[in-house]
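Undergrad: Sequences listed follow chains A and B, in order. Using the numbering used here, the first residue of the first sequence is number 1, and each one after it goes up by one. Using the numbering used here, the first residue of the second sequence is number 1, and each one after it goes up by one.
None of these hints come from the bench; they were simulated from the model. Beta carbons are placed, not taken as given, at the ideal position from N, Cα and C, and that holds for glycine. Treat the hints with caution; some may be incorrect.
As the list claims (entries may be wrong) - Derived lysine-lysine pairs resembling DSS-like cross-links, with alpha carbons at most 25 Å apart:
no.: 1; chain 1: B; residue 1: Lys92; chain 2: A; residue 2: Lys553
no.: 2; chain 1: A; residue 1: Lys272; chain 2: A; residue 2: Lys233
no.: 3; chain 1: B; residue 1: Lys77; chain 2: A; residue 2: Lys193
no.: 4; chain 1: A; residue 1: Lys203; chain 2: B; residue 2: Lys55
no.: 5; chain 1: B; residue 1: Lys55; chain 2: B; residue 2: Lys77
no.: 6; chain 1: A; residue 1: Lys233; chain 2: B; residue 2: Lys77
no.: 7; chain 1: A; residue 1: Lys272; chain 2: A; residue 2: Lys396
no.: 8; chain 1: A; residue 1: Lys203; chain 2: B; residue 2: Lys42
no.: 9; chain 1: A; residue 1: Lys392; chain 2: A; residue 2: Lys272
no.: 10; chain 1: B; residue 1: Lys92; chain 2: A; residue 2: Lys233
no.: 11; chain 1: B; residue 1: Lys42; chain 2: A; residue 2: Lys43
no.: 12; chain 1: B; residue 1: Lys42; chain 2: A; residue 2: Lys205
no.: 13; chain 1: B; residue 1: Lys92; chain 2: A; residue 2: Lys560
no.: 14; chain 1: A; residue 1: Lys485; chain 2: B; residue 2: Lys55
no.: 15; chain 1: B; residue 1: Lys92; chain 2: A; residue 2: Lys203
no.: 16; chain 1: B; residue 1: Lys55; chain 2: A; residue 2: Lys205
no.: 17; chain 1: A; residue 1: Lys193; chain 2: B; residue 2: Lys50
no.: 18; chain 1: A; residue 1: Lys476; chain 2: A; residue 2: Lys396
no.: 19; chain 1: A; residue 1: Lys305; chain 2: A; residue 2: Lys396
no.: 20; chain 1: B; residue 1: Lys42; chain 2: A; residue 2: Lys193
no.: 21; chain 1: A; residue 1: Lys272; chain 2: A; residue 2: Lys146
no.: 22; chain 1: A; residue 1: Lys560; chain 2: B; residue 2: Lys50
no.: 23; chain 1: A; residue 1: Lys499; chain 2: A; residue 2: Lys476
no.: 24; chain 1: A; residue 1: Lys233; chain 2: A; residue 2: Lys568
Stated by the list, open to error - Pair by pair, the computed Cβ-Cβ distance ranges are:
no.: 25; chain 1: B; residue 1: Ser106; chain 2: A; residue 2: Asp535; range: 45 to 55 Å
no.: 26; chain 1: B; residue 1: Leu82; chain 2: A; residue 2: Ile131; range: 25 to 35 Å
no.: 27; chain 1: A; residue 1: Glu361; chain 2: B; residue 2: Trp73; range: 58 to 68 Å
Stated by the list, open to error - Interface residues of chain B toward chain A, partial, derived using beta-carbon atoms under 8 Å:
no.: 28; residue: Val24
no.: 29; residue: Gly26
no.: 30; residue: Leu67
no.: 31; residue: Gly75
no.: 32; residue: Gly80
no.: 33; residue: Val102
no.: 34; residue: Arg103
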Amino acid sequence: MTRLRVQAALLILFALYSGQKLVRSHIDPSVDDVDYMFERELKARRGSIYDATGYPLVKSVPIWEYHLDPVALTNRVVRRKGEPPRPPAAIVKTVASALGLNFRETLAKSTNYKNRYQFLARSTDSEAHRIIADSRLVAGVAISDKQERQYLHGTLMSHVLGSINAEEEASAGLELKYDRFLTGVPGRIQGMKDANGRELYDKRKISIDPIAGADIHLTLDHNLQYEAENQLKAGIEEFGAAAGWAIIMNATNGAVLAMASYPDFDPSAYGKTTDEQKLNRCVGYTYEPGSVMKVITVASALNEKFVRPDSLYNTKRDDPDYYRLPGDGSHVWEPYMSVADAVVHSSNIVVGKLGYDFGQERLYNYMRTFGFGAKTGIELPGEEVGILRDWKRWDKATWSRAPIGQAVAVTPIQLVSAYQAIANDGLRMRPHLIDRIVGPNGEEIYRHLDEPMGRPISAETARTMREVMKPVASAKGTARRAAIKGYSVAGKTGTAQKKLPGQRGYASGLYIASFCGIVPADNPAIVVLVSLDFDAHRPFHQGGNSSAVVFRKLTTEALKYLMVPSDKPEEIFDEDLD
Amino acid sequence: MKRYKKNRKRNKRMSVSAVRTLNVGGVIVMLFAMVIFNMLAKTNEQTIQKEIGAKMRTLSALEEDRLREETRWEGMKNPGSLQTALLNHGLKMNTPTDLQIVRMGSNRMPLKGQLSVKRAQSSRVRNVVRR
Chain A
1 MTRLRVQAAL LILFALYSGQ KLVRSHIDPS VDDVDYMFER ELKARRGSIY
51 DATGYPLVKS VPIWEYHLDP VALTNRVVRR KGEPPRPPAA IVKTVASALG
101 LNFRETLAKS TNYKNRYQFL ARSTDSEAHR IIADSRLVAG VAISDKQERQ
151 YLHGTLMSHV LGSINAEEEA SAGLELKYDR FLTGVPGRIQ GMKDANGREL
201 YDKRKISIDP IAGADIHLTL DHNLQYEAEN QLKAGIEEFG AAAGWAIIMN
251 ATNGAVLAMA SYPDFDPSAY GKTTDEQKLN RCVGYTYEPG SVMKVITVAS
301 ALNEKFVRPD SLYNTKRDDP DYYRLPGDGS HVWEPYMSVA DAVVHSSNIV
351 VGKLGYDFGQ ERLYNYMRTF GFGAKTGIEL PGEEVGILRD WKRWDKATWS
401 RAPIGQAVAV TPIQLVSAYQ AIANDGLRMR PHLIDRIVGP NGEEIYRHLD
451 EPMGRPISAE TARTMREVMK PVASAKGTAR RAAIKGYSVA GKTGTAQKKL
501 PGQRGYASGL YIASFCGIVP ADNPAIVVLV SLDFDAHRPF HQGGNSSAVV
551 FRKLTTEALK YLMVPSDKPE EIFDEDLD
Chain B
1 MKRYKKNRKR NKRMSVSAVR TLNVGGVIVM LFAMVIFNML AKTNEQTIQK
51 EIGAKMRTLS ALEEDRLREE TRWEGMKNPG SLQTALLNHG LKMNTPTDLQ
101 IVRMGSNRMP LKGQLSVKRA QSSRVRNVVR R
């Protein structure tokens with residue numbers, strides 16, 4: 001009887017033990033293994049940026065970062081089966097040749113036992129990784145998985161794209177402005193590791209995959225951008241300018257097709273970049289535009305039917321009816337000049353008089369509707385507002401100078417946007433460079449819809465204005481060098497005097513030369529602005545001599561690339577060829 | 001009578017014990033079988049999990065390799081790199097000249113003078129850079 005009871009008790013104990021083992025193995029297998037538990041955050045892949053053709057501009061790529069531990073390199077025995085242990089020098093040779101490092105420098109690092117975490121290299125070479133990760137070949141090299149932001153075109157579009165630093169913090173450009181879209185959601189792993197610290201994959205408890213960041217698709221075209229940057233740099237070199245900028249904008253919807261600013265920088269080395277290089281002059285630089293502003297004054301007066309293109313003004317500078325007109329002695333031989341000719345010859349006196357007669361309040365209001373004195377809203381950080389004081393605060397000097405582009409300051413993007421209104425039959429569209437933002441699963445998060453910003457002038461005035469501007473790029477205008485074979489150009493030159501900070505008046509011999517043109521003039525496809533900033537006196541500092549040349553070269557290539565039909569084919573085809 | 005009662009008592013006790021022993025033994029055998037079955041199942045599960053883990057790691061590594069290689073190629077195909085590569089072979093990349101473009105009219109026919117022999121001959125220009 002007693003024997004039976006003992007047997008039964010033992011069996012019950014065995015059953016209980018087995019039962020609890022079963023339950024624990026299914027419900028909570030890790031109760032006894034707290035020391036082997038780990039939790040790790042998985043970084044999300046940062047979104048990419050693509051151009052209008054779908055070509056990638058920026059991508060995050062998984063890379064390996066290698067660090068050397070001299071102590072582990074010396075102490076750990078490394079050998080292949082059947083071979084003697086490898087000496088440290090042989091290991092260093094393997095590492096150096098795999099990573100393309102200097103052997104002597106690497107060997108010197110391997111004997112510096114004070115520093116047990118010495119940076120070796122960052123690499124994407126999977127063959128090098130395979131060799132270094134082989135414990136039979138190499139010891140003492142720590143490998144960590146990282147993400148590297150790769151700017152596939154080097155300095156191209158650097159001001160638009162911006163940069164991220166080593167801590168993956170956005171520093172400038174779209175990287176900064178759209179950081180919240182580009183940064184994904186990190187994932188999480190919770191599991192167990194073995195005595196060597198390696199994860200036991202079958203013991204993983206939590207596994208939440210990271211969600212990659214969204215991709216941004218731009219309206220900019222990398223081929224046009226390449227052309228714009230190359231032509232701009234060549235122009236700066238040819239004419240001896242210190243800086244420059246160029247913008248190509250779609251004439252109908254305000255999409256920016258290329259945006260170049262020089263000096264530029266390498267986004268991969270943002271820490272070594274100077275403030276001068278970091279500045280995106282297309283949106284973050286204000287300057288007195290000079291004569292390119294005359295188009296706005298004349299368009300405003302034409303729109304109000306205050307004058308007609310053939311209305312005549314006398315070209316006398318010392319006219320008692322006007323307050324200190326800005327002088328240009330180039331056309332004193334003409335006693336009278338029409339408004340249209342004033343644009344073609346860029347007459348300060350005539351346009352100054354016209355602006356004076358037109359009235360400061362009306363001129364100010366037109367300038368506002370053309371977009372001056374306010375941000376355009378383009379999707380880039382650091383956009384400047386420009387300077388356009390309220391008309392009530394204008395003195396008489398401002399009144400006579402604002403019509404010719406002095407006493408007001410604009411940004412290049414504001415100027416292009418104003419010309420875009422003239423190109424688009426009076427309708428100004430919001431300048432933009434983001435077409436759409438696409439989530440990691442292909443879903444569209446944002447798509448730009450063309451947004452009208454107002455109609456400063458009527459369609460009729462815009463067409464008249466383009467006709468008025470056409471002869472500028474001809475033998476009788478100020479920019480014959482801007483003429484493009486096979487296409488009509490409606491544009492305007494500008495040679496703005498520069499003002500140095502902390503000094504009264506304009507600096508002698510320093511100019512910003514501009515040319516802004518609409519092509520083709522009758523059926524506009526693009527608006528192009530080219531400006532060169534001279535920090536010393538140069539012989540070709542006028543807009544018609546320098547910027548117009550860069551404009552012609554750049555626009556000729558852009559028209560071919562965009563396959564814009566010629567509106568003057570007779571200029572292209574040589575009759576002899578037929 | 002007395003003997004009969006004694007026998008009945010003994011028989012009853014013996015039969016009851018036999019039944020109880022049989023029940024407990026059955027439960028134990030069943031539990032033991034369950035433990036063995038569970039261990040076998042778990043071992044099999046672990047093997048499959050390890051295989052899945054290894055395959056997932058391989059997939060992830062291959063995906064990363066693909067991304068790296070794709071990016072490397074994309075970096076080589078940008079206009080600047082292509083220009084440099086062509087220059088290394090004594091070639092220069094240009095957009096076509098006006099005479100190398102055939103322009104079509106609205107009637108989808110080449111404009112006048114587009115397909116002339118002289119034009120074709122004059123457009124036969126090779127952009128070769130002399131080293």
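Undergrad: Now, for every hint given, state plainly whether the structure supports it.
TA: A quick look at each hint next to the structure:
no., hint, result
1, Lys92(B) / Lys553(A), "holds (17 Å)"
2, Lys272(A) / Lys233(A), "holds (21 Å)"
3, Lys77(B) / Lys193(A), "violated (43 Å)"
4, Lys203(A) / Lys55(B), "holds (16 Å)"
5, Lys55(B) / Lys77(B), "violated (33 Å)"
6, Lys233(A) / Lys77(B), "holds (22 Å)"
7, Lys272(A) / Lys396(A), "violated (46 Å)"
8, Lys203(A) / Lys42(B), "holds (12 Å)"
9, Lys392(A) / Lys272(A), "violated (45 Å)"
10, Lys92(B) / Lys233(A), "holds (18 Å)"
11, Lys42(B) / Lys43(A), "violated (32 Å)"
12, Lys42(B) / Lys205(A), "holds (16 Å)"
13, Lys92(B) / Lys560(A), "holds (18 Å)"
14, Lys485(A) / Lys55(B), "violated (62 Å)"
15, Lys92(B) / Lys203(A), "violated (59 Å)"
16, Lys55(B) / Lys205(A), "holds (18 Å)"
17, Lys193(A) / Lys50(B), "holds (14 Å)"
18, Lys476(A) / Lys396(A), "violated (32 Å)"
19, Lys305(A) / Lys396(A), "holds (24 Å)"
20, Lys42(B) / Lys193(A), "holds (19 Å)"
21, Lys272(A) / Lys146(A), "holds (22 Å)"
22, Lys560(A) / Lys50(B), "violated (59 Å)"
23, Lys499(A) / Lys476(A), "violated (30 Å)"
24, Lys233(A) / Lys568(A), "violated (30 Å)"
25, Ser106(B) / Asp535(A): 45 to 55 Å, "holds (49 Å)"
26, Leu82(B) / Ile131(A): 25 to 35 Å, "holds (32 Å)"
27, Glu361(A) / Trp73(B): 58 to 68 Å, "holds (60 Å)"
28, Val24, "holds (6 Å)"
29, Gly26, "violated (11 Å)"
30, Leu67, "holds (6 Å)"
31, Gly75, "holds (5 Å)"
32, Gly80, "holds (7 Å)"
33, Val102, "violated (11 Å)"
34, Arg103, "holds (6 Å)"
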